[in-house]
Structure formats: C-alpha cells, structure tokens
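Asker: As you go down the protein sequences, you meet chains R and H in turn.
Residue numbers for the first sequence follow this note's numbering, so the first one is 139 and each next one is one higher.
Residue numbers for the second sequence follow this note's numbering, so the first one is 1210 and each next one is one higher.
Derived from the structure by calculation, the hints contain no laboratory data.
Computed from a predicted structure; not experimentally measured.
Residues from chain R that keep clear of chain H, each with C-beta distances beyond 10 Å, as calculated:
id : residue
1  : L157
2  : G183
3  : F258
4  : L320
5  : L337
6  : I370
7  : P404
8  : A472
9  : L493
10 : A514
11 : P529
12 : G572
13 : F573
Just so you have them, the derived chain H footprint on chain R, three or more residues with Cβ under 8 Å:
id : region
14 : 272-281
15 : 561-570
Think of the CB as a built atom: it goes at the ideal place given N, C-alpha and C, for glycine as much as any other residue.
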Amino acid sequence: MEALVNPVDVLTWGLTGTLMGLLLSWIPGLHIFNLLVLVFALAPGFITSNIYALPYFALGAVVGFSFASSIASTYLSVSDESMMLMLFPSQRYLLAGRGHRAVLLYLIGALTGGVFLAVFMATIGVYAMPVIYNLFSPYYWFILLAIVVFMFMSEYPKEADHGRTPREKLWLAWRQVLGGVLVFFASGILGFIASYSGLLRIEAAYARLTPLFIGFFGFPWVLRNLISRRSIPRQDTRDVVETAPGAVVNGSASGIIGGGIAAFFPIITGGMGALVGGHMASSRGDDTFLISQGAARTVYYTGALFFLFHPTMRITRGSVAWLVGGVYTPKTWAEFYVGAAFIILAAAVSFVVTLYLSKAVARLLTRVSYVYISAATLVFLVSLVYYLTGPVGLVLMLAATSVGFAAMVFNTRLSYCLGSLILPVLANTMGFAGFFLELLGLGG
Amino acid sequence: MRGWTHYLSGLAMAMFFPPLLSDLVKGVMWPVLAGVSAYLPDFLDFKFKKFLWRVDYLVDPAPRDPLRKLSPRRIRVSELSQGLRWRLYYLEGRIEDVLEEREGYARFKLADETGSVVVVARNGDYEKLRRMLGSSIKELAASGRRVRIPGYLEVDEGGSVYWNVADAPHPQYVADAVARAIDEAYETGRMVTVKIHNIRMPGDFYRRFLIQYDSKNRRIIVHMGPLVSTGGLPLEGTEPPEYRRIGVAETKHAFRKVYPRPTVIDAFSGPEIGYEKVGDVVEEVFIPWHRGFSHSLTASVVIGGLIGLATLALGYANWFYLAVASMLGHAMHVLEDQLGFMGSVLFPPLTKRRIPGLMLGPSRQGLINFATNWLMLALAAWNVNRFMPEISPGMPKPIELSNTLPVTPAAGDALLLLLLALPAIAIYAWGVLDRRRFLIKQKERLEEEKAKEAVEEAYEEVGGY
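Isolated chain R (complex conformation) (with noise of 0.2 Å):
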C-alpha cells in the first residue's frame, strides 16, 4: 500500500534530522554519511518504521551537517576532504579573532546555496536537469579527468620567488608540484589497497575510506595543532560580516556552480568542484571564497541527496543518497516539492543554529586549551575508526597520515588526497586498473 506524504510526518522526521545534524555535526571528522550509519546502527527498527522516515530524516541531517560542519573547519582545523580549499582562509579569520565572522560568510552562502538549490530544482531544474543528465553522462570519466588534469596543471607554486638562481627557482616550483603527483598517486595506492585487498572485514566495507579519509584530512591537522601548541586568540562574537553585496553574489555563484558540478558528476567533489566554479565565476577574496564554500557545500551534500527525490531523474549521487536510496524509491512529484520546501526550512533553522552554536564554541575555547580540544578530537577520531573499520583500519588510517603530512611538507593541495577515490574510477575506466593491481600484488 502506497503511503501519502503527511506534512506531520515529513516536519517531525525532517526537523529531527536536522536537529541531530545540527548536534553532532560539529564534532570534527565527522561526515554525515558516518553519522547516519551510526544512527541506522544504534536504531535499526528506525528505517522501517515509516517509509518517508528515513528519506527526509536523512534530508534534514545533511542540511544540518552543511550549515554545521562550519564549526569543525572553523574552529577546530578538523573537516572532509569538500572543505579543504577552505581551512586556510578559516583559520586566517580564526587567527586574527574573526573565527565568527568566518561562520557567518559560510552561512550566508550555505543559506543562499540552500535556497538556490530549492526554488530551482523545483522550477527550471525539473525539465533541465535530466536533459544535461542525458547529455553528458556518456562523458563522466571524461570531465573527471579533465578536473584531475587541470589540477595539477594549475598548481601556483608558492616558494619559488626566492629561489638564488634561475635552477633553484625552477626546482622549488616543481618540487611542489611533483610533490602533489606524489600524494596523488600515493593515495590513489591507498585506494586500491582499501577498496581491493580485502584487509577490511566485510562488514567495514561501507566505511572503507573512512580510515583514508581522517587520516588524510583529519589527522595531520589535529597532530599540528598539538605539536605547534597553537593558542587562540579571543574571538569577536558580534554577527557582523565586512565583505560587498557584490561578493555574496560573487560567491554564491562561485559555490552554486562547483557545488552543482559535485552534486551531479560522480567522484568530483565538493573541493574540486569549488576549484571549477571558482574559476568559471571569477572569484577572488576570503570572504568570497568563505561564502563560496557555503553554497558549495550546502548544493554538493543536499543537492546530491535530492536528486533522489526526482521521481523521474533516476539518479543516485553520494554516498548519503546510495544509503537511502537501498530503502527509498520516489514515486510521487509531491515528495520532491515537499522535499525542496523542507530544504528552505531546514536551511532556516539550520542557519540559526549554526550562529549560536558558533558563539558558543568561540567561548569555549577562551576558556579550554585549544590543545585539550586537539587531544580529544585525535582520541574521538581513532576510536571512530577503530569502531567502524578495527584494527586494519588504524593502520590504513596512520598510513593515509603520512600522505596528508607529505602534502602539507610540499606545501601543495590536500585535495590530491583524494587519489584515493579517483585513482582507482579512472584506472578502471581507462583499462589500467589490473596494471596497478598487478603493481600491487592484489591480483588481476
């Protein structure tokens, strides 16, 4: 028997998601889908309960974790892979006392990205969207590949101005691009190794490049934090913001872009996607770039779990909206357009939230050490892994660490971390990927 959409049901399940994406979304290293998987753990009667529970709870929850993870990056140095490109000019902001300030442009365009995403995929999206599905999902690995590429090719070396001689300039401009190339294709090793070896337990499957991930991003930076022993200074709690209309627009469409690129090709994400509308939007200036990556990351995660809502679309992007997706299967447009409706309200209240939250945590760390913070959240992280991927996953986790260090050491993109993921797609794809297990040992 077909349920109808109850406005009841969809409000206490979405709010709830939201609501818990709000609360915990803050802890760093943290990614939603973790988070979801833990619940689905503690609660495993919970998605069968109703079968829009699940859907606009998990909804809810990813609005909450795109406003809310804010707090991580900001704050505590700590995010995913997405928010790569955005920690330096956080934690200049963080620095300099305006860690507040730096939420606040998040969540201007987190809310603008929201509410974008919302009034256009239930208008103009409606037809365009699976027409653009229609023409380029023939060329995925393609434009993956074409971002892989560009990457590198537009990695601005830092360091190389105050090279002596002409072949000193040379070598430490290359150095950090070769370096780069390095923790791409060292990560992508991981990859093959999480994905291919069968170290991982069967039952850790899902979470195979947790382990890769916090130790890629996560780690380096809270084992900085404590070996520099970084204070932080008072932070300015006052909601005000210094940027131009010009730059919320500016970086609004700079993040709607690159987080609609991520949302609807699969693999490229949030960070390479941001680096794609960055340039196509032109856009230049921290509190650009901080509004930029609001909006991105809010289309990125919610608009890769909407999709799923698309009765017709057929398309399931991220890992939130595979998870969901085994259980949930959109049959009416009522559910999209109240899906899109809930995205604005949870954008709403998410936004609010998010700004309290954020005072609370800029006087909390007047008050804590920001060691102690640092110290915790490296103990939360390894006992994440261990819950979720055992023992295996602790040593793929300290290996993963290294690559991270070695790209903060050649001073070049995190985001070719994320070799891991990409390496392995575009080997298949292209006929190389038995040449690298071969390499590997793992077999053909």
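With chain R's structure known, arrange chain H on it following the hints.
Answerer: Just chain H now, with coordinates in the frame of chain R:
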C-alpha cells in the same frame, strides 16, 4: 581570463569532432590534450619562463626569515650598513641606555652580541612598541630582558644612522629602485627587469604597497598600505603612520605606463616589471615574460602540429582531429586573452611587441570570464546534442527543436545554438558598452584632475582612507 576558462575552451573545441566524442564515450581519453593545449600558454609562462627570466634589480623591502619564511628577518648590529636603508628587519638585544623617553617618543641604545645602535620610536610607533614590549623602555632597560625590535635603518639630518622602529619598510627604498631601473633602461637602451618581492607577515597577512607612475612630473611614488589578507581584506589599524607612508623618487628620463591598472603588490607573489626604451620614452612592460610567443597564433599551429605528431607516434587513430582541436584550443586562449587589457604578441616573428587587448568589460572582467565559460559550455552542449545520434546509434537528440517548432532540423540546431549562447552574447554586448564608458571616464580624468585623482585612487587601493 582564468585558467579554467582557457582549459574549458580547449575541451569545447574537441567536442566539434565526432570521432573524438566517440573515443571519449569508449574511455579513450586522448582528447583531454585539447584542454591541455589550451591551458599550455599560461602553464609554460608561469611554470618555466617566469623562473628563467633574467632579473636586473631584485627589490626585497622586507627580507624573509629563511626558516619561518616570514618577514622580517633578524639582523645583527654589525651587519647594518647604509645599503640596507629603509628595509624592514628586526634587531634582538638588550636595552643599554635610555637617552630619552617621553609621551609618544623614545630614544635608546640597543646592544646585541656584535655592537650597539641608537633606536628611535615616535608617535604611533612608540605606542605600538610599548604594547609589543609590555612595559616602558626604562623598565625594560632596568630588567635587562632581551627584546625584539622591528624597524629599518634610517639616517638623520646630521648624517648619523639610527634604527627607526617600524612595522613596515619605508617605501622610499622601492621608489628609488624603480626610478633607477627606468633611468638605466633609457641609458642602456635594453630592457631592465625589476623583481619586487611582496611582504609576508605572520598570520598569513601581507603588507600592501602600490607603485604610482607620475609621468608628467617624472616621479615614482610608492604608497605603503595596511596589512591585508590573501583575499585583499585590509586589517584595521595596520596602516603605517603618515611619515613613512609615501616614498617619492625622481627619474632623469621620461617614462609612461602602458598597462592601465595600478601596480599593487600584496599577497601571493610580487611582480616582475620590465622597463624598455621606446623612442624617447621608457615604457613599462608588466610581467615581461608573459604573453610572448607562447600566447601567439603562430604557437597555436606549432602546438597543434606537435600534439598531432606525438599522438600519431603513439598510435592514436584520430590524431589529425586531435591536432586540429588542440590548435583551435590554443588559439582560443590567445583570442580570449585579447579581450582583456594586456594583449599578446599575436604573430611572431612578424610581430615582436604585445598588441594591446580590446579591454572588453573593464569594470567587471569577471563577468566576461563567466560569459566565456558559458559560451564554451553552450558549444559543448550543442555539439554533444547534435552528434548524439552519430555517437550512439539509435539514441535521439536530447534537445530537438524541430520537433516542437516549425523549422527544419538544421535550422533547429542553429536556433538551439543561438538560444544557448544568448546569455554570453548579452554579456559581451554589455562589455562593449562598459569599455566605452571606461574610456570616456579615463579621458575625462586625464583632462581634469588627473594628479589629484591618481593619488586618491592610490590611497584607496592601499586602504589608506
């Protein structure tokens, strides 16, 4: 244009050739080289030529600490010489003798292991020093504590050197170097290149400064500005005090600025500026290693040929189409850059100097960049759509206007291209109008309050107001 715009243009050119599209669907990825070819001019310039270019004057206003890679670097008293005048360093030592300390002013001797020097702190710099040290100079002298004092070497009216407390170098150092380079370019008749390093401070902030060319009075004016973030956001209260904000140097010979944008130095990397004698005047060549042969239509043919030969040697069946697509992609880069200010050397060896750009949409170049992206995406979508039945037999075109409008399939395709490209065409049209407005404004400025406005603009650029 941004890098991705060029790259996307190359990819879009590959979409014009059904054999290449067919390869992509099969997982044969060689056509990505068309995008590489389109990005290649900037890649060659910024990854190779920039570092190999001969630099005649290296202007480093605030040398970096070799370990922290931040300014300022420590200098010892015995190393101080007049050649280092106005460059930002820091001294570390003990305060030996307080010669004078009153409200807003202090003069004292600082000694390190190698000698001692007189230090002067005045007005805002005195206040900043007090805040930084946390107590009065007299108290510090009594405590014998080691202190770090940033500043630069200065010479007073009597010819005595002293250490001037400061958090930025004096702009006179930069102004003198630029003026000297202009005169040398005139007198030797060859291009003289000046590399100006930027000033990177702790917290990833950069000290912004600006070079203003006052051609009429043959003066180089350098304005020292506030600290800015890498995004260009000024940090409140970091502007230098008035007495060390402006440096002015006179040149012996006439010069003119060709590139119509102010030379601002802050985050990322300081620019290389070439000075070249053209007739009786020295002209500025902004980043002289850029937009040369690599950005020419001649190079497009060469690159296309090389890619064709290389892929032929590797056994790629559709090498010829790829060669043409790569040539077109490269040529698109050259033409897109020609929409901006700087221009390129379009047909070497027939032309040797940059041919100025069209200056389309000077007030919002980002919008022109976006329009070009849109146009390239429109071309890609249009080609993928019209070639769909050819690439995937049995598959209809996703967009077939002739099914809904009373037009032939060919006319439907043409109409679709027009519809897809319409936003880009509209932005380009606005860009033409914007150029017109910009030129009128520039002319008015020249005729009316040129000097006054230039200084005001300069202050705005460095965040002085």
